[in-house]
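Residue 53 in the working numbering sits at position 53 of the sequence shown; the count goes up by one each step and never skips.
Some hints here could point you the wrong way.
List of simulated lysine to aspartate or glutamate pairs, EDC-like, C-alpha gap at most 20 Å [unchecked claim]: (1) K27 with E194; (2) K198 with E188; (3) K195 with E184; (4) K198 with E182; (5) K192 with E154.
Now the in silico label distances, taken between C-beta atoms and shown as ranges [stated by the list, open to error]: (6) G71 with F121: 37 to 47 Å; (7) E75 with E184: 47 to 57 Å; (8) F73 with K192: 36 to 46 Å; (9) E72 with L178: 40 to 50 Å; (10) K198 with I227: 12 to 22 Å; (11) L128 with L174: 38 to 48 Å.
Derived from the structure by calculation, the hints contain no laboratory data.
Values in this document were obtained by computation on a predicted structure and should not be read as measured data.
For each residue, glycine too, the CB sits at the ideal point set by N, CA and C.
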Amino acid sequence: MKENFKTEKHKELHQELHREFYLTCEKYYIFELLTVAAGMMGLYTYNLRGGVFSNAQTGNIVKMSMAVGSGEFGEGLYYLIPFAAYILGTVISEILPQKVRKTHFIRWDTMLVGIEIIALFILGFVPLSLPEQIAQIVISFLCSMQFNTFRQAEGVPMATTFITNHVRQIGISLARILRKNEREQEIEARQKAEKHAKIIFAFFFGGAVMTFACRYFAEKSIWLTIIPLALCFAFLLRSDLIYEKAMLDLTPHGH
Numbered sequence: 001m002k003e004n005f006k007t008e009k010h011k012e013l014h015q016e017l018h019r020e021f022y023l024t025c026e027k028y029y030i031f032e033l034l035t036v037a038a039g040m041m042g043l044y045t046y047n048l049r050g051g052v053f054s055n056a057q058t059g060n061i062v063k064m065s066m067a068v069g070s071g072e073f074g075e076g077l078y079y080l081i082p083f084a085a086y087i088l089g090t091v092i093s094e095i096l097p098q099k100v101r102k103t104h105f106i107r108w109d110t111m112l113v114g115i116e117i118i119a120l121f122i123l124g125f126v127p128l129s130l131p132e133q134i135a136q137i138v139i140s141f142l143c144s145m146q147f148n149t150f151r152q153a154e155g156v157p158m159a160t161t162f163i164t165n166h167v168r169q170i171g172i173s174l175a176r177i178l179r180k181n182e183r184e185q186e187i188e189a190r191q192k193a194e195k196h197a198k199i200i201f202a203f204f205f206g207g208a209v210m211t212f213a214c215r216y217f218a219e220k221s222i223w224l225t226i227i228p229l230a231l232c233f234a235f236l237l238r239s240d241l242i243y244e245k246a247m248l249d250l251t252p253h254g255h
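Whole structure, please, built from the sequences with the hints as guidance.
See below:
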């Protein structure tokens with residue numbers, strides 16, 4: 001297999017450069033687009049496909065525990081479906097990046113977004129009359145891979161499929177601002193709080209739009225997620241093929 005870096009020195013230079021800037025797959029606007037799509041996916045399955053949260057699993061575990069505690073064991077087992085799909089997505093997203101990197105063509109991050117677009121487009125043709133588990137498995141699987149793949153936005157740990165940690169980070173930032181630390185630290189805390197707040201709004205926006213769309217477009221409302229994902233895919237693919245072609249061997253921060 002032909003190496004992407006011609007010499008070890010060349011490779012060291014690119015690694016040093018990597019410490020000074022962030023790849024496109026780590027850019028903040030990429031995470032915003034992904035979060036809008038994840039908000040849409042979560043509300044899609046909740047509104048139309050069985051009332052489960054496929055973008056994250058805390059809500060499903062809560063519902064499972066409530067069902068089991070009420071003696072409704074069959075209903076409790078129902079929530080194992082998206083839970084198992086989420087675990088499988090994490091496993092796959094840990095294994096595939098290594099294989100994709102060896103191709104020296106595009107990044108796994110880019111390929112994943114492309115896979116999401118195709119899968120969600122096909123899902124729009126699955127009528128509501130078919131078993132809800134089909135959509136639950138597909139979206140849980142995709143959200144799991146997205147969450148595990150996109151981990152840091154310009155050096156800041158970020159989650160694109162749920163917002164709990166972003167709420168926590170806003171609280172931490174506000175506490176640092178109230179401590180009246182040095183001006184530089186206060187500015188940094190304000191900037192972090194603003195970034196996390198924007199991610200929360202992106203999720204809220206995606207969820208609100210999807211909830212409205214579900215009333216009128218039913219199963220085809222999932223196609224709305226393709227809009228932010230297509231923009232994301234275009235930015236990532238352009239970088240892989242042009243601007244960052246010589247850096248395909250570099251691993252994003254947080255991995």
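A quick look at each hint next to the structure:
The straight-line distance between the Cα atoms of K27 and E194 is roughly 15 Å, inside the 20 Å bound, and the hint therefore holds. Between K198 and E188 the alpha-carbon distance is near 16 Å, which keeps this suggested pair within the 20 Å criterion. Among the hinted pairs, K195 with E184 is consistent with the structure: their alpha-carbon atoms are about 17 Å apart, no more than 20 Å. Between K198 and E182, the direct Cα distance comes to roughly 25 Å. Violation of the 20 Å bound is thereby established for this hinted pair.
A distance of roughly 11 Å separates the Cα atoms of K192 and E154; the hinted pair therefore holds under the 20 Å criterion. A hinted range of 37 to 47 Å for the beta carbons of G71 and F121 is consistent with their spacing of about 41 Å. Distance hint for E75 and E184: a CB-CB separation of about 53 Å, consistent with the stated range 47 to 57 Å. Checked against the hint of 36 to 46 Å, the pair F73 and K192 passes, with Cβ atoms roughly 44 Å apart.
Range check, E72 to L178: Cβ separation about 46 Å, and the 40 to 50 Å hint holds. The supplied range of 12 to 22 Å is met by K198 and I227, whose beta-carbon atoms lie about 18 Å from each other. Taken as a hint, the range 38 to 48 Å holds for the pair L128 and L174, whose Cβ atoms sit roughly 43 Å apart.
The earlier numbered hint that this structure contradicts is number 4, and it is the only one.
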